[in-house]
Amino acid sequence: MIRFLLRRLAWSALVVWLAATSVFVIYFAVPRDVARLIAGRQASEQTIQIVRRRLGLDQPVGVQYVSFLGRLLRADLGESFLTQEPVTAIVARDFPVTASLALGSALLWLVVGVGAGVIAATRRRSHIDHAITGIALALYSMPTFLLGQLLLFVLFFQLYRAGFEFFPPGSYVAFSDSPLQWARFLILPWLSIALGTAATYSRLTRSAMLDVLDEDYIRTARSKGLTERRITYRHALRSSLAPVVTQFGIDLGGLMGGAIVTEVVFGLPGLGREAVQAVAMQDLPIIMGIAILSAVLVVTANLVVDLWHALLDPRVRVE
Amino acid sequence: MLVLAHRGERLSAAPKTARPGEPLVSLERVVKEFPVKGGGLVFRSREKVHAVSDVSLEIRRGETLALVGETGCGKSTLARCVMGLHAVTSGKVVFDGTDITRASHAALKPFRRRMQMVFQDPYGSLNPRRRVGSILGDPFDIHGLATGAARLSHVHALMTLVGLNPEHYNRFPGDFSGGQRQRIGIARAIALHPDLVVCDEPVSALDVSIRAQILNLLADLQHELGLTYLFISHDLSVVRHVSNRVAVMYLGRVVEVAPVDDLYAHARHPYTRALLSAMPVADPDGAAAREHVVLSGDPPSPLDPPSGCRFHPRCPRAQARCAAELPPLAPAAGDVAEHVTACHFPLADHELLATTAIGQRA
Amino acid sequence: MTVRSRGPMALAFERLRQDRAAIAAGFTLAGVLLMAALAPIIASLVGHGPGDQFLDIGLSPSGLPIAPNRTFLLGTDSLGRDVLVRIAYGTRVSLLVGVLASALAVLVGTVVGITAGWYGGLVDRGLSRLMDVVLSLPFLVFALALVAVVGPSLTISVTVIAFFTWASVGRIVRAQALSIRELEYVQAARTLGASQARLMFVEILPNVTASIIVYTTLLIPGAIAGEATLSFLGLSVVPPTPSWGNMLADAMAYYRVAWWFVFFPGAALLITTVAFNVLGDSVRDALHPRRETAAAGSREDAA
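Protein chains in written order, with this note's numbering: chain A, 1 to 319; chain B, 1 to 362; chain C, 1 to 303.
For reference, chain A alone in the conformation it holds in the complex:
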């Protein structure tokens, strides 16, 4: 088990290093004058030179790379071009928002997705099954931002016009300040990320359960007299969960993307919105920092899922 852990850690470190290197390559090896970008279009040649020296851009690429890695290891992500604020401070400020968004959605999509899948499977070919399948199809086809806009329009705006201000967008209240308000502002964003993914999970669960429910051992259980409910939850569901867990690991990677668009749609002050604004302003250190951080987060999440898998299934450790 320890060996497995070490191997996974080594692999994760490798991926993070590769991510950081690609970020470096994008910024420093691409033929665009970063210094000019920062200094502004009207800047004189002198200013540009000063900026260049300050950023260490006059050094050879190799040296820049090494210092880049060195700074990363010290958790130094540089400073914002515009405000000089250290990127790590910016990230620390935005992180709780994105984390709340991500974790809440993940939980929601698991519960709703698997639940809907089970219902659809156990009531095969009923109206409910068809309805769930149809809605799921629409939900996972559309991009997250569209779903967000839809929710905003229907669940906020129409209700608002009718006089009920339930889920206003645009603010974030920390959990520590008021859990109720925290949830209130996050429900629509949670739904907009979760529903799309839940739709995939419901399909996955449904098809996995349908396969399992056809198996002989389920037939045996029924003939032994077990209640349908017991069969569903104790026997069929357990076997169907395996692909769900695998999928979860994969989807953790996509969470970041979902978070980005959702924060933009709902105006939440998280890492995603920060990154998008930074692109518009060409504030490179912020984007770089967030990109590398995202890679670290995704890799860590995958590591945790892999460990969980290995704990459950010893065969995984051997490969």
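Treat the hints with caution; some may be incorrect.
Claimed, not checked - Straight-line alpha carbon distances no greater than 25 Å define the calculated SDA-like cross-link-like pairs of lysine to any residue that follow:
{"id": "1", "chain 1": "B", "residue 1": "48", "chain 2": "A", "residue 2": "4"}
{"id": "2", "chain 1": "B", "residue 1": "48", "chain 2": "C", "residue 2": "181"}
{"id": "3", "chain 1": "B", "residue 1": "48", "chain 2": "B", "residue 2": "71"}
{"id": "4", "chain 1": "B", "residue 1": "109", "chain 2": "B", "residue 2": "226"}
{"id": "5", "chain 1": "B", "residue 1": "109", "chain 2": "C", "residue 2": "180"}
{"id": "6", "chain 1": "B", "residue 1": "109", "chain 2": "C", "residue 2": "125"}
{"id": "7", "chain 1": "B", "residue 1": "48", "chain 2": "C", "residue 2": "198"}
{"id": "8", "chain 1": "B", "residue 1": "109", "chain 2": "C", "residue 2": "119"}
{"id": "9", "chain 1": "B", "residue 1": "48", "chain 2": "A", "residue 2": "3"}
{"id": "10", "chain 1": "B", "residue 1": "48", "chain 2": "C", "residue 2": "183"}
{"id": "11", "chain 1": "B", "residue 1": "109", "chain 2": "C", "residue 2": "196"}
{"id": "12", "chain 1": "B", "residue 1": "48", "chain 2": "C", "residue 2": "178"}
{"id": "13", "chain 1": "B", "residue 1": "48", "chain 2": "C", "residue 2": "121"}
{"id": "14", "chain 1": "A", "residue 1": "224", "chain 2": "A", "residue 2": "124"}
{"id": "15", "chain 1": "B", "residue 1": "109", "chain 2": "C", "residue 2": "202"}
{"id": "16", "chain 1": "B", "residue 1": "48", "chain 2": "C", "residue 2": "182"}
{"id": "17", "chain 1": "B", "residue 1": "109", "chain 2": "C", "residue 2": "182"}
{"id": "18", "chain 1": "B", "residue 1": "48", "chain 2": "C", "residue 2": "202"}
{"id": "19", "chain 1": "B", "residue 1": "92", "chain 2": "C", "residue 2": "178"}
{"id": "20", "chain 1": "B", "residue 1": "48", "chain 2": "C", "residue 2": "124"}
{"id": "21", "chain 1": "B", "residue 1": "48", "chain 2": "C", "residue 2": "119"}
{"id": "22", "chain 1": "B", "residue 1": "109", "chain 2": "C", "residue 2": "239"}
Think of the hints as simulated: they come from the structure by calculation, not from any bench.
For chain A, the structure is supplied; the task is to place chains B and C on it using the hints.
Coordinates of chains B and C only, in the frame set by chain A:
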């Protein structure tokens, strides 16, 4: 049990071409081991599957040599070593005087024309997504021998030769029955008129009623094209009617080789006796009178074969010497040079395996 | 009577033709394709170009977009431009990127997958690790990073989407290649002396095509959604070129007063992606029918 419909002769007519009886293929001390992959980022091989251990065998031009044994005894692996599909771990494979043991993929290519294989599974040996004409055209395409219309006429000729309707060349394998697919497989094997054809259980997956037809076909082809066969099977009743010589394998080693009549009448090795006794016989009264041998225990794993004679844990005649010393392949007392056995205590003609106690000798 | 033999593909096509959902989806997509192809014609028919701003008749006195009427069939946007025409042109962007990026991803993924699955050993390990890395990188974040430096464009859109999707195709193709490699007909071709390339592409590839086709049809809606997301964030085509994504981004500020501005592009996007997904599902069902009759090998008639 099998009746060859209109053939009284064996599958071993002497070909018109030269050198009948001389070795076409020579295997010298061939060993094939497969490493069992251990885990880890670094490739570590811990254990090995000893598929073939120190086999020396000759296949003579014009003959049909049968290779028999249980599943897992290594006969298919050995066949693939002969064909160059597996690289042997050690030993030599000599084809018609040329050592092809370490030949590269490219160097082997001209030899591919001279030795071919008929596979066991008629449903797996043909690519389901390719048309039969295309599959049969492969040999000509790969070796650059014919294209276009010429190739097509070759394909038609081949199909006729094996008893198929040439107009069906545009069909998919799924449209044919098992027996027909096996004919296609045979056609593919003989397309370039090879010297050697390895038949790996060619009729095992077919209905009994079809087997005779396919065996007849193989006999005819051997006669017309001067083929040499290495015939692999686990079914001794089939083997009896088709071979000149038989080699019996057990757990990676050859334990007995003999001309076919000799083997059936005068089997020397205990394992051979056991196999023969398990052969179904049509006559119920005759069956009751036969020797009935039941081997104890399970066949051991090729990962960790027994020391000395590999059969000793299951052999009713085994003694201390059997575990300690590997018996060489040599003629037993009174046998012709052709009939060799690897046993310290080979059975005499009148001896029965089941009733021989330890220590008693004929 | 001649019996025509139909290959597995032809049979699958037959099944597809009888699938009503597939037919509906097919017609829908034909409509979408038509709209994309005829965009200029639509523009000239209504007399409005995609970039024409009608600040006088296209905006209300207070400067807000106007609702669908006889001149502007689907209403106008924030700059008085005809929404219908812009949606039509936006279709081109979506289809172009969707199909192109998917095709590219599938091409690269197939070659890599077959190579990895066929050669095994170090080649396989290396390529598999590569695919794992690509799959672990977060898509949107890196797209953002790239665009920040290189600037938004259609090419970036296609490249980025293709880059982040080829690996999932590669993994599936690799798995299939690994199992097919051991089948007897591949061994048979080897004994005939076929070269490695021939074995990979004449023997293995045709048996993988079914999966590839399914995967491609399922990749396309994802690519379209991806492109829409990228345009929404301003990372794809440059305004004033219309794309559904950037229209929806503009519409964000106006959703309270101009529902048509959000609804129509959104509907176009939803309809297109749903249709592709339905078609993809049907294609998959056609190529891998569930509960096939057991073992075609149970027929043993006269040889």
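Hint check results:
no. : hint             : verdict
1   : B/48 with A/4    : holds, 24 Å
2   : B/48 with C/181  : holds, 22 Å
3   : B/48 with B/71   : holds, 18 Å
4   : B/109 with B/226 : holds, 21 Å
5   : B/109 with C/180 : holds, 23 Å
6   : B/109 with C/125 : violated, 29 Å
7   : B/48 with C/198  : violated, 32 Å
8   : B/109 with C/119 : holds, 19 Å
9   : B/48 with A/3    : holds, 23 Å
10  : B/48 with C/183  : holds, 23 Å
11  : B/109 with C/196 : holds, 12 Å
12  : B/48 with C/178  : holds, 22 Å
13  : B/48 with C/121  : holds, 18 Å
14  : A/224 with A/124 : holds, 22 Å
15  : B/109 with C/202 : holds, 18 Å
16  : B/48 with C/182  : holds, 20 Å
17  : B/109 with C/182 : holds, 21 Å
18  : B/48 with C/202  : violated, 33 Å
19  : B/92 with C/178  : violated, 30 Å
20  : B/48 with C/124  : holds, 22 Å
21  : B/48 with C/119  : holds, 22 Å
22  : B/109 with C/239 : violated, 60 Å
In summary, the structure is inconsistent with hints 6, 7, 18, 19 and 22 from the numbered list given earlier, while agreeing with the others.
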